[in-house]
Amino acid sequence: MNTADQYVKAIYLLQEMENGPAATGALADMMDVSPASANEMIGKLESRGLAEHEKYKGVTLTDEGIIRARDALQTYCIIERFLSNVLDVEEFRAEARELEPVIDDMIAGRLDTIVDRNSECPDCFDPETDACQYLDVCGAEAETETEAAD
Amino acid sequence: MSVGYQVTSDHQLARLLQIGIVLEEVVEARAYHHHEELDEEELDEEIRDLLSHAAEESAEHRERLERIIDRLDVESVPFEEIEALVEAQYGQTKPEDFDGVLYDQLCNEETAYKFYDDVIEAIEASDAQFTIDREELVATLAAIRDEEAEGVEKVTQIMEERE
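Protein chains in written order, with the working numbering: chain A, 1 to 150; chain B, 1001 to 1163.
Okay, chain A solo, but in the shape it has when bound:
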C-alpha cells in the first residue's frame, strides 16, 4: 500500500471517529509524522482530487478519496486477518502496521483467497481498536477463556 493510500485510510478512520473532518494534528499523530509532513501530504491529496482541506476545520475525503480509503482499509483488514488467522500472530495489529507499506492490493488479493473475510468488510473495521470487530471479538473471547482457565 503506498503512502497516499495510508493517508486516505487514516483520514477516513478519523472522519468516522469524529463524525466530521479529520484534524491535521490527529492525522499526524495517527501516521506518526510531524504536522508539517501531514500538511504536505494533504496538499498532494487535494491536488489529486482525493481530499479537501478547510482551514481550522480539517481535511475531508472526496467521494473518490472515500473509495480509495475503503479499498486501502480492505487491504489492511486482509493483512490483519492473514496475520491473525493464518500465521497465528498475537501482535497482529502492530505487525500489520509494519507490513502495510509492502503489501499492495495485488498481493493482498492473493492472501484474501485464504482468509475468511466478513462480507461487511471494511465496515466491520473498528477504528478505536484498530482491528476488525470480528477479530477483536475472537481476541476478547480468547483472553476471557485464558483468564477463566487461570
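Some hints could be false.
What the hints assert, rightly or not - Some chain B residues flagged as far from chain A (calculated, every beta-carbon gap over 12 Å):
no., residue
1, R1030
2, E1066
3, D1070
4, R1071
5, L1102
6, A1139
7, A1149
8, I1158
9, E1160
As the list claims (entries may be wrong) - To be clear about the criterion: a stretch of chain A counts as covered by chain B if any three or more of its residues have a C-beta under 8 Å from a C-beta of chain B, and this derived list gives those stretches:
no., segment
10, 92-104
11, 108-115
Treat the hints as calculated values from the structure; they're not laboratory data. Fair warning: this is a prediction, and the values are worked out from it, not measured in the lab. Glycine included, C-beta positions come from ideal geometry on N, C-alpha and C.
Starting from the structure of chain A, add chain B where the hints point.
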C-alpha cells in the same frame, strides 16, 4: 510499495518470507488443482506442461525461502497447517476453461514477481544486519524473482499465440 519502506530486523524479514511462502503455496495448489480437475480435452500438452512446471517451481521456491527462514534468528511457523489451509481452499475451486487457467497463472506469476521485487527493494533500502549474509539473501531472492519474470513471459507468450 511505500517510498522508503525498509526491512529492519530478522523478524520482519522472516515475516515477509513467510508471506512469500504462502504465495508460493497458493500458486502450487492452484496449478495442481487446475491440472487435476480440468478434462484432458480442455488442457492440451502445452498447458499441462506449464502447470506442472509452475507447481514444481513454486515448491522449489518455497523450499528456498524456508531454508532462509531456518537460518534467521526467529521462531518458525508450522507450514503444514498453512499447506492444509490452502489445500482446503483450493480443493473447492475449478476454473471454467483454459483461458481462465492461463489468466490465473499470469496473475500468480505477476503477483509473485512484484512481491519479490518489493522485498528486495526494502532490503536494499535498509542498513540492518541480518543473521544471513545480505548479498546471499538478495541474490537468492533476485534469482527467484527472475524465474517469476520468466514465468510471466511464458504465460504471456502462450496467451498471445492463442488469441
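Okay, the hints, checked on the actual structure:
1. R1030: Violated: least Cβ distance 9 Å, not greater than 12 Å.
2. E1066: holds (14 Å)
3. D1070: holds (16 Å)
4. R1071: holds (19 Å)
5. L1102: holds (17 Å)
6. A1139: holds (20 Å)
7. A1149: Non-interface label on A1149 of chain B holds, nearest chain A Cβ at 15 Å vs cutoff 12 Å.
8. I1158: holds (21 Å)
9. E1160: The claim stands: E1160 of chain B keeps its Cβ more than 12 Å from every Cβ of chain A (closest is about 22 Å).
10. 92-104: As far as the segment 92-104 of chain A goes, the hint holds, because 8 residues have Cβ atoms under 8 Å from chain B.
11. 108-115: holds (count 5)
The structure is inconsistent with hint 1 alone, although it conforms to all the rest.
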